[in-house]
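Residue numbers (this note's numbering), protein chains in the order written: chain A, 1 to 640; chain B, 1 to 113; chain C, 1 to 226.
The set of hints was computed from the structure by calculation and includes no laboratory data. Bear in mind that the values here come from a model prediction, so they are computed numbers and not experimental data. Some hints here could point you the wrong way.
[As the list claims (entries may be wrong)] Pairs of lysine to aspartate or glutamate, DMTMM-like flavour, derived with a Cα cap of 20 Å: (1) C:K196 <-> A:E640; (2) B:K28 <-> C:E107; (3) C:K155 <-> A:D247.
[Said to hold, decoys possible] Computed footprint of chain A on chain C, listed as stretches where at least three residues anywhere in the stretch have a Cβ under 8 Å from a Cβ of chain A: (4) 38 to 47; (5) 50 to 56.
[Claimed, not checked] Which bits of chain A does chain B cover? Going by a derived footprint, with three or more residues having C-beta under 8 Å, they are: (6) 298 to 312; (7) 316 to 327.
Virtual Cβ for every residue (Gly too), placed ideally from N, Cα, C.
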Amino acid sequence: MATTAAAPKFQPVNTDGSYGESGFWSWMTTVDHKRIGTLYLYTALFFFIVGGIEAGIMRWQLALPNSHVVSAQMYNQLFTMHGTTMVFLAIMPLSAAFFNYLIPLQIGARDVAFPRLNAFSYWVYLLGGLFISIPILFKTAPDAGWFGYAPLTTPQFSGGLNIDFWVIGLQILGISSLAAAFNFITTIINLRAPGMTLMRMPMFTWMSFVVQFLLILAFPAITIALVFLLFDRFFGTQFYEIASGADPLLWQHLFWVFGHPEVYILILPAFGLVSEILPTFSKKPLFGYNVMVYSGIMIGVLGFGVWAHHMFAVGMGAVADSIFSLVTMLIGIPTGVKIFNWIATMWAGEIRFTAAMKFAIGLIALFTIGGISGVMHSSPPADTQQTDTYFVVAHFHYVLFGGSIMGILGGIYYYFPKMTGRYMSEKLGTWHFWLTFIAMNLTFFPMHFSGLLGMPRRVYTYDAGQGWEKFNLASSLGTALLIFATSLFVINFLWSRKNGAKAPNDAWGAATLEWSIPSPPPDYNFAQIPIVTSRSPLWDLKHPEMTAGIAHSSPDAMTITDSHAVPMHEETEYKTAKELGIPMPFPTIKPFFAALGIIVMFSGLIFIHLDKFAIAMAITIGGAVLLVGSLYAWLTSPLE
Amino acid sequence: MSDHHAPGAAAAQEEHEEHEHPSWKQYKWVALILLVITVVEVWVYYTPFAKSPYFNPFLITMSAVKFGIVVQMYMHLKYDHKLFRALFFGPLLIAMFTVTALLFLFHQLPPLF
Amino acid sequence: MATAVTHEAHEAHDTHEHVHYTSTGLDNRKVAIWAFIGSECMLFASLISTYLIYKGRSRVGPLPHEIWTSPSGQIFQPILNIPVTSASTFVLLMSSLVMVLALAAVENRGKPGYVGTLLGNSKFWLAATALMGATFLGFQAYEFTSFVHEGLTIKTNLFGSSFFTLTGFHGAHVTAGVLWLLTLLAIDIKRGLTPKDAILVDICALYWHFVDVVWIAIFTLVYLIK
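The following block holds chain A by itself, in its conformation from the complex (with noise of 0.2 Å):
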C-alpha cells in the first residue's frame, strides 16, 4: 500500500489482495455490490443506446411519407426490440445498477445478504441481453411488438425463429430480475444498520423494497404466460390454439397481469431517486414522508388491481370495464400525492439549480403531463378512440422517458461523485438537459395529435394528406436533436470519469449515510457501521441548528449497545478491509458460469426449430450440467 500516498485519497484499491487491481479477471469475478452495480450501470447505458439508435432508425423512416428507408418486415423487429430494449434491458437494469449500488450504502451494509447471487444476476442479466438482441443483427429479431400477443406469436402465425429468440430471451432476463429481487428484499430486511428502522430508510430504499415485491408478483405470471408459448412453439400444446378452443385473450391477460406491475417496476426507482435529489438541493427534508411511504405501497397494490385497463378495446363487459376503471383512476390518488409532495419539498427551499435538480423537476412537470393523458386512458370510452394510436405512444413516452428516464438521468448525475469521486461536468449536464427537455417534448408532444387524427401504432409508413405529416417530422426532428442530447450526456460520463472536479465524501451536502463514507467507497463500505437516530442522520451531524426543531430522532436508539455499532460520524480515513478485520466475500467466477449454463440450456431449444434434435439435446444437457455444477461448486465454496 506504499503506493497510495501518492494516489488520490480515496481510491477504490482491492485490499485484502484477493482482488486482482482492476482488470478484466477482477470484474468478470467481482461480488462487491458496488462493481456490480457499476457493471449494470455501464451495460444498461449500453443498451439504452442500442435501443435510441433502433428508435432513430424508426423516425427516420416516419420522418416523411410513403419512405422506405427500411423494410416493413426489418421495422417490426426495430419498433419490437425498441420496446424490448428499453424496458428488460435499459430502464430496468438501470434502475439495478442503483439497487445494487445504492441499497447497501442507504442502509448502512457491507453488501448485500447474497453476493454470489447478485452477481449470478448480473450475468444472466448481460448474457440474456445479448441473447435476445443480436439477432437483429442477422434480420432475425423478435417482430411481433413488445408485448408478443398470441396467437400472433404462436408457430401458426410467426414461423421463424424470430419470436423463439424473444420467448427465450425474455424467460432468461426474468431469472435474472427474480433472483435479484430475493437478494434486496432480504438485505432490506436484514442488512439495516442498528436504528435505521424501516420509517427511517431513504426513500430510494423505501421505494425500491415496494418494488422487489412488485417483482416477485409480476414476473411468475409472465414467466407461465412464456411457458405456454414456449410449449405450444416447441411442443405443440395447445394453450393459444384458437382452433383448439382457447382463448385469444388468455395471454394478454397474464401478460397484463405482469405489464401493468412493471409500469411502477419502471417508475417507482426513479421516484425514489427524484425522493433523494429534491431535499438535497432545496436543503428541506422530504415533505411528508411518511405518506410518501404509504402512497408508494399503495401504489404497488393498486398496480395489481389494474391490469384490464390496457384491454379495454377487448370488450369485457360493462361491469369488468367500469371496476377497473375505476381502480386506475383511484391509482392516480397516490401519484398525485407524490407530485404534490415533492413541490411541497421545494416550496420555500434553498434552491440549488444543478444538473440533477433539474433532471428532477422535469421529471415532475413531464411526469404530470404523461400521468394526466393516463387518467384520460382510464375511461373506456376514451380509451377505445385511443388505443394502439399514436396518442398511446405519447402517453407511455412521457411517463417512461419524461418520468423514468429523467429521473434516472437526475440520479446518475447526482450519484456520480460518489461512485468516482468526481464531479460530472454542470455545464455540459445543463445542456444536456435542456436540450433533452425540448427535444422529448418536441418528439412527443405532437404524437398526442397525431394519436388523435387516426394515425395507428406500429405502421411502417403512412400516405400523405391524413393530416399527420407535420406531426410525424416535428417528431423525428425531435429524435435527431434527442440523440445530439445524449451524445452530450455520453461525452460527459466519459471525459467526467478521469477528469471531472474531485468530490469530498458528502458532494452534496445530502442528509443520507451514503455521504458519510469516502467518495468511492471502499470495498467494505463503512469501518464501523453508524448507529442511526434518525431520518436525515448526516444532517444531524453536520448542521444540529437546522435539525434540532424536527421531532424526528427518538431516544430508543441511542440505548443500543451492539459491539459492532458505533454512534453515527463521518469516515475520512482509509484502511484496507484487512487493517480493520474485515472479513470480505471471495472473488469467485462460479455465477458467471452457472448464468453461462443457464444460457446455454435454453440455446438449446433454438435448434429443435432447425430440425437438430440430437444437437439440441446436448446443447441443453451440456448446459444444465454446467448450471448444476457450478451451483453445486458455488453452494459448497465458503462465501468469505
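Fit chains B and C to the supplied structure of chain A, relying on the hints for placement.
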C-alpha cells in the same frame, strides 16, 4: 413489519430462538386431521352430494382448511416471526385475488351483476 | 430460478462460524425462502387459473370427468383416476409429517428423548421424506404414462395441455425438493447435522411443505371439483 425490531434486534433473536415448535404429539394430530379431511373429500366425491351445488364450495372450504393447517403448523407460521406471515399472506392474497378476477373475466364464475 | 435461490440458501453452511448481525435477528436464508414462496404463490396461481379457465373448453377428448365419444364412435371413459391419486396425495401429505420430524430431530439433537431413539434419527427421517417424495413422483409417472396410453397427451386438447403443464410443474418442484433432501442427507451422513444447522433443514422443510400445500389445492381443484 414494524419499526421496533431493528433496535431490539438482540432481544428479538432471543425471543425467536426460545419459542418451541409444536411437539410430536401435536404433529401426529395434525397429520390425522389432514388425513380425515382428505378421506372425507374423496368419500364425498362418490356420494350423491357430488351433484349438489354445494359440492364445489364444500371441497374448496375443506382444502382451504388443510392448506391453513399445514401453513400454520408444519410451516410453523403460527409460532414464527410476524414478518414471515406478511411475506407469505401478502403475496397469497394478491395471488388469490388474481385467480378470482381471472375466473370472473373468463366467465368461469357466475357474473356478479 | 428455483434452484438458484434455494441453493444460495445453502451457501453459508461452511461459514457459520461468522455469525452475521441481522436487523431483525432472523436468518437471511429464511427471509429469502419466504419471499421465494410468496413468489411461487403467484406462479401456481397463474397455472391454476389457466387450468380452470380452460375447464370444459376442450373440443376433443379424453376429458377429466366426462365420457367422450369421438366422431368415429370410440368411447373414452373419464380419464382421472381418483383412487390412485388419492393414494399419492396421502403419501405426499404424510411426507410433510415426516419432514417436521426430520427438522425436530436436528433441532433437538442431544436433548432427552432424542438421543439414540428413532425420533432423534435425522438421517432416517430425511431419507423417509425423500423416499415418500420419490414415491409420489412414481405415482405421477404411472399416471402420466397411463394417460398417454389412453390417448391423452400434452398435445391432445386444452385439458391435456393445461393438466400436464400444471401437474408437471408441481412434479418438477417435488423433484427439486427430493434432490435438496438427498443433499441434506448426504451432509448429515458426511459430517452430521447439528442444531446449528437446523436452519438448513428448516428452509428445505418450508419449501417441501409449500409444495405439499400446492398439491392440496391441485388435488381439490383438478381432481375432485366437477
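Right, here's what the structure says about each hint:
no., hint, verdict
1, C:K196 <-> A:E640, "19 Å, holds"
2, B:K28 <-> C:E107, "18 Å, holds"
3, C:K155 <-> A:D247, "16 Å, holds"
4, 38 to 47, "holds (count 8)"
5, 50 to 56, "holds (count 3)"
6, 298 to 312, "holds (count 4)"
7, 316 to 327, "holds (count 3)"
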